[in-house]
Amino acid sequence: MEYGTIEREIHIEAPPEVVYEVITRPEHIAQWWGFDASFPAVAGGNGHMTKGRRDGTGTLVVPISVVEADAPRRFAFRWVQPEGEPATPENSFLVTFELTPVGGGTQLRLTETGFREVGWEAAQLEAQYRDHSAGWDEHLPSLAAYAEGLVRT
Amino acid sequence: MTTTIDDELWAALGDPTRRRLLDLLLAAGSGTATSLSAQMPVTRQAVAKHLGVLERAELVVPRKDGREVHFVVNEAQFARAVEQLATVGAAWDARLHRIKTMAESIQALRSTEREEPNQ
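Protein chains in written order, with my numbering: chain A, 28 to 180; chain B, -4 to 114.
Keep in mind that the hints were calculated from the coordinates and are not lab data. Keep in mind that the hints are not guaranteed to be accurate.
What the hints assert, rightly or not - Over the 12 angstroms line for every Cβ pair with chain A, so calculated as not near, a few chain B residues: (1) Ala33; (2) Met35; (3) Arg39; (4) Arg51; (5) Glu53; (6) Pro57; (7) Arg58; (8) Asp60; (9) Gly61; (10) Asn69; (11) Arg90; (12) Ile94.
What the hints assert, rightly or not - Covered stretches of chain A (chain B as the covering partner; in silico rule of three or more C-beta atoms under 8 angstroms from a C-beta of chain B): (13) 54 to 67; (14) 86 to 97; (15) 130 to 138.
Stated by the list, open to error - Partial selection, computed: residues in chain B whose CB lies under 8 angstroms from chain A: (16) Glu63; (17) Val67; (18) Gly84; (19) Glu99; (20) Gln102.
Note that the Cβ used here is the ideal one computed from N, Cα and C, for glycine as well.
My request is simple: use the sequences and hints to build the entire structure.
As structure tokens, then:
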């Protein structure tokens, strides 16, 4: 049994440049992940992602460390390493996005590795704080206006 | 969500020594505190304590065999833990779907602007 890796692929009707923007920019991450992200999207960039806990008991702070930023082809980062420690394969998850142009769109491939090594605490964190689609529905009506502002600026 | 988060279950799995114990028990079928401690860099007493935590979380079941207590993995509870881990994959499915929606919305807006440059 191997539950250490998650692999997913999705086709997006937008070129890799646009998809890369959505994946890497903190203002977009806030929309698709629900975290307020603050990190430089360059290799070696360290930062944090924060969100209010669902039960209202303060703020969840998760370290993030950019491993690879090769626009618009690859973006990889490690997360959930203990505060103040460098991210390693033993203490963090590695998330990799690979973008392949297909027609005018993008084949986006995601892998997340590390569950087996890191342990299940972080999986628990994910289970507790994972996003619910209902939460996203609240944001959808404002998305068009939001994206429009983005294009104009 | 079809499963509820069981704090005790997750706390039991949160320790690397206990996950290693589960790995050994799954591989061997069963084990005693003594046999397990021989395969790990911790004392028999420490192993017995960890087995107690796993037992309370219903991840292992003790079986008395004479003077020895053999532990086996509770497959049902273990499957439940694995199922909860699988929800991490579902979380990524939801995120990727959002990335798709956002990128396609932005692309649609940009295409519209290109088609109507001076309006």
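(request) Quick one: see if chain B covers the region 54 to 67 of chain A, three-plus residues with Cβ-Cβ under 8 angstroms. (result) holds (count 4)
(message) So B:Pro57 supposedly isn't at the interface. Is its beta-carbon more than 12 angstroms from every beta-carbon in chain A?
(response) B:Pro57 clear of chain A: closest Cβ-Cβ about 23 angstroms, beyond 12 angstroms.
(request) Beyond 12 angstroms from every chain A Cβ: check whether that's true for B:Ala33. (result) 23 angstroms, holds
(request) Say whether it holds or is violated: B:Arg51 keeps its Cβ farther than 12 angstroms from all Cβ of chain A. (result) Answer for B:Arg51: holds, closest chain A Cβ roughly 17 angstroms.
(request) Classify the label on B:Arg58 as holds or violated, using whether its beta-carbon is more than 12 angstroms from each beta-carbon of chain A. (result) 23 angstroms, holds
(request) Beyond 12 angstroms from every chain A Cβ: check whether that's true for B:Ile94. (result) Non-interface label on B:Ile94 violated, nearest chain A Cβ at 5 angstroms vs cutoff 12 angstroms.
(message) B:Glu63 was flagged as interface toward chain A. Is the shortest Cβ-Cβ separation under 8 angstroms?
(response) This hint is violated: B:Glu63 lies away from chain A, its Cβ roughly 28 angstroms from the closest one there, beyond 8 angstroms.
(message) Taking 8 angstroms as the Cβ threshold, is the statement that the region 130 to 138 of chain A is covered by chain B upheld or broken by the three-residue rule?
(response) holds (count 3)
(request) Run the C-beta distances from B:Arg39 to all of chain A and say if the shortest one exceeds 12 angstroms. (result) 23 angstroms, holds
(message) Minimum C-beta separation from B:Asn69 to chain A exceeding 12 angstroms: can you confirm that?
(response) 16 angstroms, holds
(message) Just want to verify: B:Met35 was marked as not at the interface with chain A; is every Cβ pair farther apart than 12 angstroms?
(response) 16 angstroms, holds
(request) With chain A as the partner, please determine if B:Gly84 meets the hint condition of a C-beta pair closer than 8 angstroms. (result) Because about 5 angstroms separates B:Gly84 from the closest Cβ in chain A, which is inside the 8 angstroms limit, the hint holds.
Checked against the numbered hints given earlier, the structure breaks hints 11, 12, 14, 16, 17 and satisfies all the rest.
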